[in-house]
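There are 2 protein chains.
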Amino acid sequence: MKHLVRTSKNLGHAIREARKAKNLTQKELASMSGVWQETISKIENGSGGAKLETVFDLIAALELEITVTERSKGTSDGLEDIF
Amino acid sequence: MKHLVRTSKNLGHAIREARKAKNLTQKELASMSGVWQETISKIENGSGGAKLETVFDLIAALELEITVTERSKGTSDGLEDIF
DNA sequence: GAGCATTATGATGCTCAGATCATACTGCGG
DNA sequence: CCGCAGTATGATCTGAGCATCATAATGCTC
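Residue numbers (this note's numbering), protein chains in the order written: chain A, 1 to 83; chain B, 84 to 166.
FYI, nobody ran anything at the bench for these hints, they're computed from the structure. Any given hint could turn out to be false.
No farther apart than 20 Å at their CA atoms in a straight line, the calculated lysine to any residue pairs in the SDA-like style are these [claimed, not checked]: (1) Lys92/B with Glu53/A; (2) Lys92/B with Lys42/A; (3) Lys85/B with Met32/A; (4) Lys2/A with Met84/B; (5) Lys125/B with Phe56/A; (6) Lys134/B with Ala60/A; (7) Lys9/A with Glu146/B; (8) Lys51/A with Asp140/B; (9) Lys2/A with Leu87/B; (10) Lys22/A with Lys92/B; (11) Lys9/A with Arg71/A; (12) Lys105/B with Lys134/B; (13) Lys51/A with Met84/B; (14) Lys42/A with Met32/A; (15) Lys51/A with Lys105/B; (16) Lys2/A with Ala143/B; (17) Lys105/B with Lys42/A; (18) Lys134/B with Thr39/A; (19) Lys27/A with Asp140/B; (20) Lys92/B with Gln109/B; (21) Lys9/A with His96/B; (22) Lys134/B with Gly34/A; (23) Lys85/B with Glu121/B; (24) Lys85/B with Gly34/A; (25) Lys51/A with Thr122/B.
Modelling step: build the complete structure from the supplied sequences, incorporating the hints.
Have a look at this one:
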């Protein structure tokens with residue numbers, strides 16, 4: 001699954017889905033990533049600007065990857081899961 | 084061009100390239116995005132965890148998009164510009 | 001190399017994220 | 001219901017990002 005991310009909320013959503021897909025609890029992710037469970041909760045709910053570093057820690061622990069590309073002009077090129 | 088991003092430094096690099104590709108100065112980007120030129124400089128040089136919001140502001144102004152996907156197991160699937 | 005444009009660095013004050021602990025809320029199984 | 005696992009919320013404190021201004025360093029062009 002591919003997540004187009006434009007806001008903190010989007011990112012939080014993507015992270016939550018990835019975590020659930022791996023059947024991890026916030027607490028487990030916390031000990032894996034070094035980020036506190038409380039902080040993960042806030043980030044997943046998109047509660048305001050987290051720090052980049054923190055997000056990268058989570059991304060790494062969840063074995064996700066982030067790519068930056070030029071915005072596809074034709075709105076959606078079809079398959080992304082935009083939310 | 085597609086940038087695989089794992090660290091703040093990567094992101095900064097991607098942002099700088101995108102800015103240059105659009106022939107914008109940091110100052111111009113600053114007034115477009117509402118982020119200070121000094122802050123842009125720091126972010127482009129990957130000087131520590133910027134805030135997500137700030138980065139999203141730049142991403143939006145540069146008409147880039149961020150996608151989050153599962154990490155491709157087979158190292159590189161070939162074409163990304165990893166740095 | 002002078003001079004201007006661009007980018008980097010330094011200092012300060014405010015604001016807020018994150019660490020930390022405690023606790024409240026929300027399912028869900030029994 | 002009750003209790004437990006999971007998640008969210010609240011408070012405090014510390015540290016760091018960002019706005020802001022000033023200035024230094026760098027890069028170009030002539």
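Hints versus structure:
{"no.": "1", "hint": "Lys92/B with Glu53/A", "verdict": "holds (10 Å)"}
{"no.": "2", "hint": "Lys92/B with Lys42/A", "verdict": "violated (24 Å)"}
{"no.": "3", "hint": "Lys85/B with Met32/A", "verdict": "violated (29 Å)"}
{"no.": "4", "hint": "Lys2/A with Met84/B", "verdict": "holds (18 Å)"}
{"no.": "5", "hint": "Lys125/B with Phe56/A", "verdict": "holds (18 Å)"}
{"no.": "6", "hint": "Lys134/B with Ala60/A", "verdict": "holds (18 Å)"}
{"no.": "7", "hint": "Lys9/A with Glu146/B", "verdict": "holds (19 Å)"}
{"no.": "8", "hint": "Lys51/A with Asp140/B", "verdict": "holds (14 Å)"}
{"no.": "9", "hint": "Lys2/A with Leu87/B", "verdict": "holds (14 Å)"}
{"no.": "10", "hint": "Lys22/A with Lys92/B", "verdict": "violated (28 Å)"}
{"no.": "11", "hint": "Lys9/A with Arg71/A", "verdict": "holds (19 Å)"}
{"no.": "12", "hint": "Lys105/B with Lys134/B", "verdict": "violated (23 Å)"}
{"no.": "13", "hint": "Lys51/A with Met84/B", "verdict": "violated (26 Å)"}
{"no.": "14", "hint": "Lys42/A with Met32/A", "verdict": "holds (17 Å)"}
{"no.": "15", "hint": "Lys51/A with Lys105/B", "verdict": "violated (27 Å)"}
{"no.": "16", "hint": "Lys2/A with Ala143/B", "verdict": "holds (19 Å)"}
{"no.": "17", "hint": "Lys105/B with Lys42/A", "verdict": "violated (35 Å)"}
{"no.": "18", "hint": "Lys134/B with Thr39/A", "verdict": "holds (14 Å)"}
{"no.": "19", "hint": "Lys27/A with Asp140/B", "verdict": "violated (31 Å)"}
{"no.": "20", "hint": "Lys92/B with Gln109/B", "verdict": "holds (17 Å)"}
{"no.": "21", "hint": "Lys9/A with His96/B", "verdict": "violated (24 Å)"}
{"no.": "22", "hint": "Lys134/B with Gly34/A", "verdict": "holds (18 Å)"}
{"no.": "23", "hint": "Lys85/B with Glu121/B", "verdict": "violated (26 Å)"}
{"no.": "24", "hint": "Lys85/B with Gly34/A", "verdict": "violated (29 Å)"}
{"no.": "25", "hint": "Lys51/A with Thr122/B", "verdict": "holds (14 Å)"}
In terms of the numbered hints stated before, the structure departs from hints 2, 3, 10, 12, 13, 15, 17, 19, 21, 23, 24, listed from lowest to highest.
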